[in-house]
Amino acid sequence: MHKGTIAKKLFYAFVTIMIVLVFNYILFRVLPGDPLAMMMRNPKATPEMIEGIKHFYGLDQPWHIQFFTYFKNMFAGDFGTSFVFKAPVIQVVAGRILPTVLLVGLAEIIAILVGIVIGVLAAWKRGTRLDVGTLGFSLITYSVPTFWLGMIMIVIFCVGLHLFPTSGMFTPGKSFISTGAMLHDLVKHMVLPVLTMSLVLIGEYALTMRNTLIDVLSEDYITTARAKGFRERYVLTKHALPNAMLPMITIIAINFGFIVAGAIQVETIFSWPGLGRLMYEALSARDYPLLQGIFLLVTVCVIVANVLADITYAYIDPRVKN
Amino acid sequence: MMRWNMKIKKLKEFLKIALNNKMALVGMVTLLFFILLAIFGPIFFPFSTMEFGEVEDILLPPSAEHLLGTDDMGRDILANLISGARISLLIGGVATAISMGIGTLIGIMSGYFGKGIDNLLMRFTDFFLVIPWLPLMMVLAAILGTSLWNIIFVIGITGWAGTARVVRSQTLSIKERQFVERTVSIGASNTHIMVHHILPNVFPLIFANTVLVAAVAIVSETTLSFLGLGDPATASWGMMLHYAFESGATSARAYWYYLPPGICVVMVVLSFTLLGYAFDEILNPKLRGR
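Going down the list, the sequences are from chains A and B. Counting in numbering that gives the first Met the number 0, the first sequence runs from 0 upward without gaps. Counting in numbering that gives the first Met the number 0, the second sequence runs from 0 upward without gaps.
Source of the hints: derived by calculation from the structure; they are not laboratory data. Incorrect hints may appear among the rest.
As the list claims (entries may be wrong) - List time: in silico DSS-like cross-link candidates among lysine-lysine, alpha-carbon distance up to 25 Å:
hint	chain 1	residue 1	chain 2	residue 2
1	A	K8	B	K21
2	B	K114	A	K2
3	A	K237	A	K227
4	A	K71	A	K53
5	A	K7	B	K114
6	B	K21	A	K124
7	A	K124	A	K227
Since this is a predicted model, take the numbers as computed values, not measurements.
Just chain B, with the same shape it has in the complex (with noise of 0.2 Å):
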């Protein structure tokens, strides 16, 4: 316990270096922005967004009523991008636990096990790392079926290689420290040194290894539904741009329907690129002052 308050003093510390760095501040806002707007944005805007509209509402470019137009099914654009963006995020957010949680299981028992276990692992790891991810989700989603949870299992049990690497290389030089050779001359039990020693050690570097991987989450998302891999029961950003190329909206000129849902999906991916550009800064001084 007293370990992990430590370690949450000095994520505050870390937090307050994070504010005072510009393209974290950005990100964050942006980021806080669109979690609010999932959370609280379908209470201001109780359309129902899966219905389809009358045949006079199909395509309607902004209007008082309409604020971002209709797309080619009658249904109200802004309403859609709402609800749509608490598909994304949640997507987004339990893919990318699943892969930090996956990525730091393998990561910190190949680390601390080493040998043949470590042999083993990486092996395992560079698989997933070399495979080319895009058609592996393809592969996976087609046979597993379109499903939402499907989709984020899907991403998520492809994107934990990077961490695994990351947080192995971690665990190795902190394995060697001497609090560790301590806890193991009083008999402590290698669960218990990994999970109260080790994993507290590598905790900021998976915080900032998390909105990378998120940031991945997020346009495989998107771009898994794009090529029709999406729930079509659900109304995410990618389904959205689905629809909206299926229908001809980018040569109808209907410029309401293709770019707000892009718009959104590179704002928030971008946001969190900009945190992962400015954790990385913050976590290697040698990087500081670029």
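If we strip away everything but chain A, and leave its shape as in the complex, we get (with noise of 0.2 Å):
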């Protein structure tokens, strides 16, 4: 890709970035049922104790002073104090990160690899029944509320099977004599998040991947690679899959948000201890700095992450490269 077209790329992703902190900083501060707001209307706070939280929070000072320092403490990832757990939110989001990076990151790899096969094999048996199963399956999961999907995982495995455990990562104030017997007990807690997860997200993987190939296999030079008498099996593979595959990348990069939205789903249903636990943790005890935190920091990842897609799908279409 040209180097201008990265540059300006980056440099949109960037405005984007400034965008969502000078909106997350009216939003907190501007609109009614701001924090201070609600601690202000306590009767037993005296004009001395407003004064006072007032200056903690550097509300006594100027708008643009008050605005600048905003960004300052952004940048140092200073993010405030969490309401509840009365610690940064910058060290309480740490400590969040990595289950729902495993939990993510397996139920994203699950389903693109599942979803390639069966839009493969919907498009290679275009019109069969397997083909109007994946249109099916790929419709009605699409339909149905991730949450309400976990909760019958949960009736159907938990309740009913008595197969796996309902929350949590690991059993609690269980002691594991082995590294074999904790990796045993946190697979056992995974499999239905990762399946629900993943069981929303193939549907959409599978139709993109069935229309695509439908799509390249209607072009010209299939017909020439046909015609020269490579074998079907060899057509689809070298010619078709590698063409089909770029729509892929954008869809995967647009999936992005709704990726989160399915985790902080999961993730509260299965008691998951991640960062869309979390977020459900700060919305229910109202701990906005918490809340805000989390949300800058998943919403500039998914704006990076977007971008990277961008360069990647560039990078590799060369179409694209002129």
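Dock the two chains into a complex; use the hints.
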């Protein structure tokens, strides 16, 4: 890709992040129902206490200085102190990143692989029962709320079959004799959240793969390849698939927001100790600094991931280079 | 007026094709069923839905008296389900209207004026397109407070970006057509052209886009309510699932509690999705026969 285009994309991403920061600032300070207003509604609060709180949050400063301080803090990674955990937000958040990455990463990999396989089969056996089934499956999983699917999973596999634990990452209070035993426990806890998360994603990947592959298979160069006498399997894997993979990258990138939504619901249902669950906890306790911190972190991650996907796409597809 | 009449005629043709499409038909019938249920249901089931029942009424399985059993507060689930249809469709409908309004306005202005305005509006749209929608809604709802109209507002204001993009690209192509050029040459104002010439021509596209936005709006309402951001004074399907989860209906095996609201949500969203898929096929002849 042209260097200028990359620079432009990076610049736009930077602008978007700046808008998110400003938006975040306005949201938590100007709109009604901000945490300070709630604190000040407390009838026991004396004027001195209110002044003290105002001074503590820097609210007695002129707005442009407040604004500047806010930006400075954000870039220094200072997101304030969590009301509930009584610890710096950044510290609370940091402890929850790994479980989410583990859950989302595994679910995403499974969903992409299975989605591609199903999509290719559906396109290849177009019009058969398999194809119709794929379409039906995709439309249904698209329509099922993620959290409800999680509830159904719990009912079937935990309450009904007693196969897996319903919540958490490890059995609470259990001490493990070996790393193997610990991993075994972790896997048992992971199966259902990962399965739920992948099920929601597979449908869309399969459908996208199927539609683009059908498009590609109708191209002239495929007919040419067939006319040359290549075997069907060879045409499919060497000529059609590499081209059909391109839109998958776009879909995966567009899906990041959707994945975040899925993670919040799945982690809430299965009490998975990740960022999504933390966001739910922050929300329930109206822990505004924590909520704000997670919101910023997640949003910036999604924006960065989108830019990376954009650049990867241009790097792989020579047509975009020019 | 002429132009609109023509469009309505086209819309009728469109509906005719839609009725011949199996997917669209299933979607429309299901949707119609839920709309009728929402309008007339409460007449046939005059249970007071928010009133708590007696202690002996708690979590009763389905019976002749309570066709779908009762919830953890002794309320009749069927009655709640019907009033939930009202709330869920109301939220879905109004939020969709807000999203479509903003999306159409920004899309047409962006495409029609082009240049700086286009650039500015599209950056703004990209912002809404790229930031993860659920955290945004959660933050907005948490700050605004949980009332029915706040939920509608939050869903409406976050769901328009896709529509704006689609409308913009269509406007770009319509703008270049001759009749627009002619209208400009006889001195029509920008507003006149946008309202009377561009809007009727992007209308079919907006119509097809609406069902997809509506599907997202309904899912959003359910998810927000489930996460505890719903209006506690209303019995939407999402609120029912919220209470079902919080009261441990899953481990109590109270299937009559956690299944019906979920099935209703899936059916409504699925019917919108089917309609969207069918409309896409009808509007893009390239996809036909896939």
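- Looking at the structure, which of the earlier hints fail to hold? Hint 1 alone not satisfied by this model.
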